[in-house]
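The whole structure should be built from the sequences, with the hints applied where relevant.
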Amino acid sequence: MNNNDQTPAMPEREMLTTDQQIRRRTIKAFAWFGLASLVPLGIWKYVAAQPRVAGLPKVLRDALNTNEQIANAYFSNQHLAPTFPLEQAAKTPRVNGKDGMKSAFVVADWTLTVQQPDRPPLTLTIDDIKALPKHDQVFEFKCVEGWSQIQHWGGVRFADFVAKYNLGTKSGQPATGEADYFRHVGMTTPDNGYYVGLDIASAMHPQTLLAYEMNGQPLTEPHGAPLRLIIPVKYGVKNLKRIGTITFQDDRPKDFWAERGYDYHVGL
Amino acid sequence: MDDKQQKNMKRIVENKHPLAIRWFHWINFPVLTVMIWSGLLIYWAYHPYKIQVAGFTLIEFFPKWFFAALKVPFRLAEGMAWHFVFQWIFIINGILYVGYTAISGEWRYLLPKRNSFAEAWQVVLHDLGIRKTMPPMDKYNAAQRIAYSAIVVMGLGSFLTGLAIYKPTQLWWLTTIFGGYPTARLIHFALTTGYVLFFLVHVAQVAKAGWNNFRSMITGFDVVKE
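For the protein sequence lines, the chains are A and B, in the order given. Using our numbering, the first residue of the first sequence is number 2, and each one after it goes up by one. Using our numbering, the first residue of the second sequence is number 792, and each one after it goes up by one.
Read the hints as simulated data drawn from the structure, not as lab findings. Incorrect hints may have been included.
If you anchor each label on the Cβ, the simulated ranges turn out as follows [said to hold, decoys possible]: (1) 840(B) - 105(A): 33 to 43 Å; (2) 24(A) - 851(B): 43 to 53 Å; (3) 855(B) - 123(A): 46 to 56 Å; (4) 31(A) - 916(B): 52 to 62 Å; (5) 252(A) - 851(B): 38 to 48 Å; (6) 165(A) - 848(B): 47 to 57 Å; (7) 31(A) - 947(B): 47 to 57 Å; (8) 918(B) - 70(A): 46 to 56 Å; (9) 947(B) - 122(A): 34 to 44 Å; (10) 260(A) - 828(B): 16 to 26 Å; (11) 995(B) - 98(A): 39 to 49 Å.
Some chain A residues well away from chain B (every beta-carbon gap over 10 Å; in silico) [claimed, not checked]: (12) 62; (13) 65; (14) 77; (15) 100; (16) 108; (17) 137; (18) 180; (19) 248; (20) 257; (21) 269.
Even glycine gets a Cβ: it sits at the ideal position worked out from N, Cα and C.
Next comes the structure, spelled out in structure tokens:
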């Protein structure tokens, strides 16, 4: 300590009366509070002024894509949607959405086309699909609108279908790991009126089915006869009905609802 | 100084509400507003909830005019986008708040004590004007301790039921704990109506408590007369 230090000047605050101190500090704090409350207003304006990407402000779209990365880090084929006893399945499963189902269509004439980069397309019939092992699945179908329904579907695992026809790998050889696959699968209706894009991991999930039966009966037309997608790791919007073409590719395939402001991933 | 002057002497009590807690509190206000608003946009797309007694509908969540007045219909995609972005701020702010109260010792004023549940009734009776005197309290009275602790538990509940309906396949076990997907959605909704009720009572109580109390949530200091 330096003994020569002069007595420091009295701080200003101590010369003020208590009332003056209260007044000053209140005004100061409320001024800061007012300034800070401009921040949420600014954020609101900032989002509103963003360019739209497929119907969503860009910053929100980017954040949803980040959410997808986080979800993928936890995604596992070991995580399965709960299944239910047969008798809990709805007798008349709900029909929702007619996009891609509005054109004239003859079920008996249907064939499935599979497209892969740098390879000739593959054409398959419903009997080719039915030749694969059949799986029945009673699970809770979930619509992006918020409703859900326990439903009973029958069909073949998409993963079995891929393995059987040696599909989806960049090399054309059977896959030795996930990296061998193209990153995405796109599906469209025969008239291209409805289309979905799936990440390959979700498509290969063991509960993802190419379904041709509902409640043990052949699919009816409103439910997507003769073949539809059932994918419990996604909302209903990805469960495309009346599959016409399946395409493997690295880039994200176009997606009907993602073009209309919805998240692309919609993973459950 | 005569006696009268003595009685009017004011004293500043520093740090009634620590700066961190004021930040967490006020950040939560716009964030929860966005979460409730965007949640409403989502809920509209499937809005079956109502309170019925003997077949008679008491409350419908919500009538057409309510949705129309708030411009809710046909904005599901927008609602989901906002909800799934601002969820992060809601969660992070909540974790920081709980972490701060735990580490700073502020939890001692916030958690209910053994006698809080009995005392809370006396506080309610007092606030309704039925009882003259308040039970003794420190920073918060017994009813506040219960309410402010309950709201944190509700926040945790919103987070967990939200996750349960956000990833019901990947986190199927969590969805199952909450009684399945439709039940988890219902709990998530009910908790939100709880926030709205909390907000209404909270604002009424703040108005009743007066300027000095409100100011302290912004300035941090309290003024006592001695």
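Cross-check of the supplied hints:
{"no.": "1", "hint": "840(B) - 105(A): 33 to 43 Å", "result": "holds, 41 Å"}
{"no.": "2", "hint": "24(A) - 851(B): 43 to 53 Å", "result": "holds, 50 Å"}
{"no.": "3", "hint": "855(B) - 123(A): 46 to 56 Å", "result": "holds, 51 Å"}
{"no.": "4", "hint": "31(A) - 916(B): 52 to 62 Å", "result": "violated, 35 Å"}
{"no.": "5", "hint": "252(A) - 851(B): 38 to 48 Å", "result": "holds, 46 Å"}
{"no.": "6", "hint": "165(A) - 848(B): 47 to 57 Å", "result": "holds, 54 Å"}
{"no.": "7", "hint": "31(A) - 947(B): 47 to 57 Å", "result": "violated, 32 Å"}
{"no.": "8", "hint": "918(B) - 70(A): 46 to 56 Å", "result": "holds, 49 Å"}
{"no.": "9", "hint": "947(B) - 122(A): 34 to 44 Å", "result": "violated, 52 Å"}
{"no.": "10", "hint": "260(A) - 828(B): 16 to 26 Å", "result": "holds, 25 Å"}
{"no.": "11", "hint": "995(B) - 98(A): 39 to 49 Å", "result": "holds, 46 Å"}
{"no.": "12", "hint": "62", "result": "violated, 8 Å"}
{"no.": "13", "hint": "65", "result": "violated, 6 Å"}
{"no.": "14", "hint": "77", "result": "violated, 7 Å"}
{"no.": "15", "hint": "100", "result": "holds, 15 Å"}
{"no.": "16", "hint": "108", "result": "holds, 30 Å"}
{"no.": "17", "hint": "137", "result": "holds, 18 Å"}
{"no.": "18", "hint": "180", "result": "holds, 21 Å"}
{"no.": "19", "hint": "248", "result": "holds, 24 Å"}
{"no.": "20", "hint": "257", "result": "holds, 12 Å"}
{"no.": "21", "hint": "269", "result": "violated, 4 Å"}
Hint check: violations occur at hints 4, 7, 9, 12, 13, 14, 21; the rest are consistent with the structure.
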